[in-house]
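Asker: The hints should help you fit chain V onto chain W, whose structure is shown.
Number of protein chains: 2
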Amino acid sequence: MIRSPYLLYLGHSNDEVGIKTSRGLAVFRPDDCVGEFRHDDCALTLGLSRMTLEQAVAAGAKTLVLGIANAGGKLGDDLVADAIAAIAAGLDVASGLHNRLRDDPALVAVAEEHGRALHDVRDPRPDIPIGNGKRRAGRRLLTVGTDCSVGKMYASLCLERGMRARGLTADFRATGQTGILIAGSGVPLDAVIADFISGAIEQISPAREDDGWDLIEGQGSLFHPSFAGVSTGLLHGAQPDALVLCHDPVRDHMRGLPHYPLPGLKETLEANLAVARLTNPDVRAVGVALNTSKLAPEAAKRLCAETEDALGLPCTDPYAMGVDSIIDRITACFAPSPRVATLSR
Amino acid sequence: MIRSPYLLYLGHSNDEVGIKTSRGLAVFRPDDCVGEFRHDDCALTLGLSRMTLEQAVAAGAKTLVLGIANAGGKLGDDLVADAIAAIAAGLDVASGLHNRLRDDPALVAVAEEHGRALHDVRDPRPDIPIGNGKRRAGRRLLTVGTDCSVGKMYASLCLERGMRARGLTADFRATGQTGILIAGSGVPLDAVIADFISGAIEQISPAREDDGWDLIEGQGSLFHPSFAGVSTGLLHGAQPDALVLCHDPVRDHMRGLPHYPLPGLKETLEANLAVARLTNPDVRAVGVALNTSKLAPEAAKRLCAETEDALGLPCTDPYAMGVDSIIDRITACFAPSPRVATLSR
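Residue numbers (full-length UniProt numbering), protein chains in the order written: chain W, 1 to 345; chain V, 1 to 345.
Chain W on its own, in the form it takes in the complex:
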């Protein structure tokens, strides 16, 4: 386990997209974040106190989280130097970058010398099974999308917060590096070997008998030609009872692929329901989550209303407008799960 509280790293970043992991932690685990570390040339802030490494340690920080992404997910010299300084100051270091901390001999040596831990959250655990598709107890909701990076993690986390606020039992299940750092556990699905995609999801969302919900973070899209395999295995492993469709209304083509237009919402929903039915024939859609951060408030509200009418599902921006309408639909659709002795397909 990664020890909190955290000092969030921004370094020399000047790209808002590049700090999304640090920002995710600041938004969804504010109580665990004591401050942010940035150099003078960093124009971004998470709204936390700017701290030196020593100030952070004095404030109780246990781990420096390298919550940034740069080209290729590399550990640059700057990053390594800062991580070494953090270890010397008394902090563990956690990273979601593609390049592993443990593959940098200098970092490993300094961590050993100071008795500090290095956490690579993109390392899948070694005991992931092949998926078995067996029906398991408990309720699961999966966020799916028209594209990558359209708000599936935010929607899942907002649902966790909203459901808990109503006294429901609900647990976010992370499948990406930011989510794993927020939740403290999960599977970095993009780093799992192909044959184990669905098994990895069965592993992180096992049978549960407490009437609680697993809220599983979706990845990719069935309509993204680079990553649809991941999304397919995720759907089958999740065995979802409920789907929430996530979409970015200002996106005009698939992420990274200008030659692929975005699919329609209805088409996306139908395709996801069809694939999901293989492992849960009773799956149903319970809502649509739009990322309206680039729209004016009135336009955002209008779009949500229009989408509700078009799809017959509650539609909201989970982060800006809350998730009440989707939770209403969930509680209306799903009575507390029956205690069935045998759940067989």
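Derived from the structure by calculation, the hints contain no laboratory data.
Computed from a prediction, not measured in an experiment: that's the story for all the values here.
There's no promise every hint is true.
To be verified - For each label pair, taking beta carbons as the anchor points, the in silico distance ranges come out as:
no.	chain 1	residue 1	chain 2	residue 2	range
1	V	E270	W	K266	16 to 26 Å
2	W	G256	V	P281	18 to 28 Å
3	W	A43	V	C333	43 to 53 Å
The C-beta atom is built at its ideal place from N, Cα and C for all residues, glycine as well.
Answerer: Frame of chain W; chain V shown alone:
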């Protein structure tokens, strides 16, 4: 490259399924196989001359192929001892097992001492790109299936042989360890990291301008809850012009999953066409391949005729009855590919 000719290893095997890689080589690369190596307690044969290691070297063998599978894909002590003896006798060693030759220190030491090569065909190359979904020149046929292990590799290889016999240009593209050993190259798709599934297929079947066909070996099934992610990425990466649907008519449930019945042929075909259309909207089905090895000849012929009527596609057992009817359909459907300057979606 793995040097031929090969000595095919059977060892102590007594399970026909366990020697399928050695058998595949004997069937599809007979001219490259000088003999078989088996211990006295092995009741199986490939119909090749039984040879000692020394006899095989004298007959020109360059590589011992460990074309067997045992529980867990492990390198047992027997196997390692035989491989060391083979190296000492002057042979390279190739393996498709999950456990890697290069991870056995004794094997590595002996191979270095004798200057012999160890080939682990389940090692993906390190430079696999993320798939880009860009339309590329050339014709591609993909074998898809109702389940795993229903004859996709055999169908693909029989089509290669049959198309070449008619003077067509056609190249088998391997995606599994047996296929890779037969073809001499390919990608072990089950060992690729999830994010790179479709990119791996784009890499092994690049654009071609010679009017030839890539015949891509399918894997898994869209209806197999353990592996459908792999099949989905394969479909998208293959960008197939043509699909051949493979099926085992005596299979009564999905491989390894007694709680999942097999999907229908029509349902399977429609699902595969729908997924394939994302990267090639013009994809079409050109035939059905049945593995009729467990049926009487008359029953097999009747089943093929019935399947033809039901699906409106040529249906055959590629290995037992040939692939003429499917090639006829391919040549009827596809004129030599036009030399288009730009192929953009």
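Asker: Please go over all the hints and tell whether each is borne out by the structure.
Answerer: Status of each hint after checking the structure:
1. With their beta carbons about 19 Å apart, V/E270 and W/K266 fall inside the hinted range of 16 to 26 Å.
2. Between W/G256 and V/P281 the Cβ separation comes to about 20 Å, which falls inside the hinted range of 18 to 28 Å.
3. The hinted range of 43 to 53 Å is not satisfied by W/A43 and V/C333, whose Cβ atoms lie roughly 58 Å apart.
The structure fails to meet hint 3 from the earlier list, while all remaining hints are met.
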